[in-house]
Amino acid sequence: MILRYTAQRLLMLIPVSFSISVVIFMIVYLLPGDPIDNLLRVGSSPEDRAELVAQYGLDRSLVVQYFVWIGNMFQGEFGQAIVLRRPVADLIAQNLPYSLTLGGLAFLFSSTVGMALGTLSAMVRNPVLDRFVRGFILLGSTVPGFWLALLLILFFSVNLGWFPVSGARGWESLVLPVLTIGFGGVALVARVTRVALLDVQREDFVTLLHAKGLSSGAILFRHLMPHALLPVVTILALRIGWILGGAVTVEFVFGRPGLGSLLIRALGQRDYPVVQACLLMLALAVMLGTLIGDVAQAAMDPRIREKKS
Amino acid sequence: MSMLEVRDLGVAFGAVQPLSDVSFSVGKGETLGLVGESGSGKSLTAMSVMGLLPLIGGRITAGAVEFDGQDLTKLPEKAYRKLRGGRIGLITQNPMTSLDPLQKIGPQVDAVAVLHLRMTRAEARARTVEILGTLRIPEPALICERYPHQMSGGMKQRIVIAMALAANPAVLIADEPTTALDVTVQAQIIRLLDDLVKSRDLALVLITHDMSVVAQVCDKVVVMYAGRAVERGSVEAIFERPRHPYTQALIGCIPRGLEGTERLTGIEGTVPTVMNYPSGCPFHPRCPRAEPICAREVPAFSTGGDSAAACHFAEVGHAKPA
Chain A
1 MILRYTAQRL LMLIPVSFSI SVVIFMIVYL LPGDPIDNLL RVGSSPEDRA ELVAQYGLDR
61 SLVVQYFVWI GNMFQGEFGQ AIVLRRPVAD LIAQNLPYSL TLGGLAFLFS STVGMALGTL
121 SAMVRNPVLD RFVRGFILLG STVPGFWLAL LLILFFSVNL GWFPVSGARG WESLVLPVLT
181 IGFGGVALVA RVTRVALLDV QREDFVTLLH AKGLSSGAIL FRHLMPHALL PVVTILALRI
241 GWILGGAVTV EFVFGRPGLG SLLIRALGQR DYPVVQACLL MLALAVMLGT LIGDVAQAAM
301 DPRIREKKS
Chain B
1 MSMLEVRDLG VAFGAVQPLS DVSFSVGKGE TLGLVGESGS GKSLTAMSVM GLLPLIGGRI
61 TAGAVEFDGQ DLTKLPEKAY RKLRGGRIGL ITQNPMTSLD PLQKIGPQVD AVAVLHLRMT
121 RAEARARTVE ILGTLRIPEP ALICERYPHQ MSGGMKQRIV IAMALAANPA VLIADEPTTA
181 LDVTVQAQII RLLDDLVKSR DLALVLITHD MSVVAQVCDK VVVMYAGRAV ERGSVEAIFE
241 RPRHPYTQAL IGCIPRGLEG TERLTGIEGT VPTVMNYPSG CPFHPRCPRA EPICAREVPA
301 FSTGGDSAAA CHFAEVGHAK PA
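Going down the list, the sequences are from chains A and B.
The first sequence begins at 1 in my numbering and counts up one residue at a time.
The second sequence begins at 1 in my numbering and counts up one residue at a time.
These are computed hints drawn from the structure, not numbers from a lab.
Even glycine gets a Cβ: it sits at the ideal position worked out from N, Cα and C.
Be aware that one or more of the hints could be misleading.
[To be verified] Some but not every residue of chain A turned toward chain B, in silico, with C-beta under 7 angstroms:
#1 SER21
#2 ARG202
#3 ASP204
#4 PHE205
#5 HIS210
#6 LEU220
#7 PRO302
#8 ARG305
[Said to hold, decoys possible] Which chain B residues face chain A? A few, computed with CB under 7 angstroms, are given here:
#9 LEU99
#10 LEU115
#11 MET119
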């Protein structure tokens with residue numbers, strides 16, 4: 001049943017992907033300026049320009065350009081970066097591992113620490129602890145990443161000298177970026193976990209679980225946590241895409257390579273093929289995240305399984 | 001011999017005292033009806049007996065809850081857990097929300113026997129299937145593999161009853177077990193509970209606001225009003241010679257079939273909330289024969305025959321209910 005459900009969700013992604021690809025393709029042409037300007041030397045003639053435009057196929061109609069582009073995409077052919085003069089696939093292959101490492105670690109950090117904090121504040125009836133966690137949640141949800149990054153650099157790198165200020169060499173350079181990106185995630189996950197646990201505790205069936213003589217621990221792990229996981233899994237899944245693309249400012253502050261940095265650079269240079277490829281990757285990540293979230297929900301909740309299949 | 005005895009029970013939430021002076025006892029093979037309007041403290045009494053007050057932030061401030069001669073109010077939590085679900089079973093009000101929606105029926109019932117009877121999963125499942133069968137649930141083995149949302153309210157209530165019975169308890173507390181069910185199903189569930197009391201020699205505390213149910217299955221009755229017991233006695237005494245005006249009013253509210261043209265009757269006024277319990281006798285603002293003393297002093301129980309009523313004028317002999 002869960003397989004059928006997954007297949008259905010995958011089928012639904014086809015029209016979504018198509019729409020997204022059209023939007024991504026079009027959006028770069030709406031930007032003012034074009035990459036040819038970045039390639040031309042001062043004093044080039046209009047003929048030089050026309051030649052370059054024709055070389056990259058930019059003189060054809062948008063519709064034709066779209067189909068050529070999407071056709072190439074299907075064959076795994078990302079094309080040639082116009083300004084960077086390298087295969088787009090190389091650029092992505094070079095940058096993606098950095099994004100995946102950073103994003104993966106930040107994801108792991110925010111899910112484990114977030115759930116632990118949320119559970120603690122919901123289950124341990126200690127007003128001091130609860131206030132601390134709620135304060136932390138408020139900070140984590142509001143402090144912007146780039147500012148936190150600067151503070152962390154100032155404190156841990158400049159003053160204490162524990163971690164490098166920037167770069168991407170060795171595990172030491174990962175600590176501060178992971179903390180920065182993970183901080184907001186920890187707060188978000190802690191908040192959702194806490195609220196979900198407090199909500200489910202008020203349900204009638206929990207009273208009955210106590211009346212069955214189960215210990216609080218057994219009730220928490222066998223019954224409450226699965227319920228709390230439902231919303232947590234959803235927001236974590238949505239965050240998969242966000243963590244890949246949303247790390248842009250943090251990558252920038254720490255001077256790390258990555259999909260975000262690549263995208264920012266390509267945008268500045270109007271390097272269409274790179275921008276399009278990056279956006280497509282991020283969109284795919286978001287779609288994949290949503291899919292994983294939906295399937296995980298269905299796997300955990302029989303009611304969802306039945307309603308939607 | 002009484003299996004469960006509650007004496008002068010008082011419950012508080014912070015400074016608020018929603019329950020005081022509740023007493024009753026119930027023995028093997030006996031059914032006690034705990035009746036009263038919503039908000040009279042019936043469910044709170046059930047939570048107190050189950051030792052689950054801390055869950056909702058309350059605590060027992062007075063009196064005793066004795067199970068088989070042992071005072072439960074002084075019992076440490078770990079020992080209490082053994083009794084809960086093991087010796088004292090609880091059936092809750094709303095079967096729609098009483099089961100974990102994410103788990104199959106089978107494991108939810110099995111857990112009780114695994115926990116209290118130290119059975120293996122397989123043994124517990126065999127027992128679950130057997131109990132579901134005795135509760136007249138068709139195809140019990142198949143039901144075990146289903147999820148709560150795939151079943152009707154009546155079926156779910158039987159599952160809840162099965163959980164309460166799984167460890168062979170001596171006392172069963174049923175908190176309005178039929179309120180959320182269709183009328184036809186209500187009768188089935190009540191009959192089922194009545195059969196269980198007789199076949200298993202259970203002591204049943206049946207919390208309800210349905211006087212006709214009380215008349216059908218209860219041996220003894222405690223009438224509650226605004227967090228106090230106002231009258232207690234045998235079911236015959238309560239129905240034939242109700243001595244508290246509130247009991248009389250309750251009985252007066254039972255619809256009496258089609259003959260007679262009188263309209264359905266209710267009790268004037270509303271039940272006071274915990275925040276504005278009246279002084280003296282809690283019923284005096286709604287009582288047809290209240291006197292000044294009723295507002296000043298809480299009436300003591302006066303015993304007469306096989307019932308006792310907490311009314312200043314219980315001795316006078318009120319007019320029989322219409």
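To see whether the hints hold, each was checked on the structure:
Taking 7 angstroms as the C-beta contact cut-off toward chain B, the hint placing SER21/A at the interface is violated, the least distance being around 38 angstroms. Contact between ARG202/A and chain B, as hinted, is not supported at the beta carbon level, the nearest pair being about 9 angstroms apart and thus beyond 7 angstroms. At a threshold of 7 angstroms, the smallest CB-CB gap from ASP204/A to chain B is about 4 angstroms, leaving the interface hint in force. For PHE205/A, the interface hint holds, since its Cβ comes within 7 angstroms of a Cβ in chain B; the closest pair sits about 5 angstroms apart.
With a cut of 7 angstroms, the hint placing HIS210/A at the interface with chain B holds, because the nearest CB-to-CB distance is about 5 angstroms. Below 7 angstroms, beta-carbon pairs count as interface contacts, and LEU220/A has none with chain B, the closest being about 13 angstroms; its hint is therefore violated. A distance limit of 7 angstroms between C-beta atoms decides the matter here; for PRO302/A the minimum to chain B is near 4 angstroms, and the interface restraint holds. With 7 angstroms as the threshold, the beta carbon of ARG305/A stays out of range of chain B, its nearest partner Cβ sitting at about 9 angstroms, so the hint is violated.
The interface hint given for LEU99/B holds, since its Cβ lies 6 angstroms from the closest Cβ of chain A, which is under the 7 angstroms cut-off. Nearest Cβ of chain A to the Cβ of LEU115/B: about 6 angstroms, under the 7 angstroms cut. The hint holds. For MET119/B, the shortest C-beta to C-beta distance to chain A is roughly 14 angstroms, which exceeds 7 angstroms, and the interface hint is violated.
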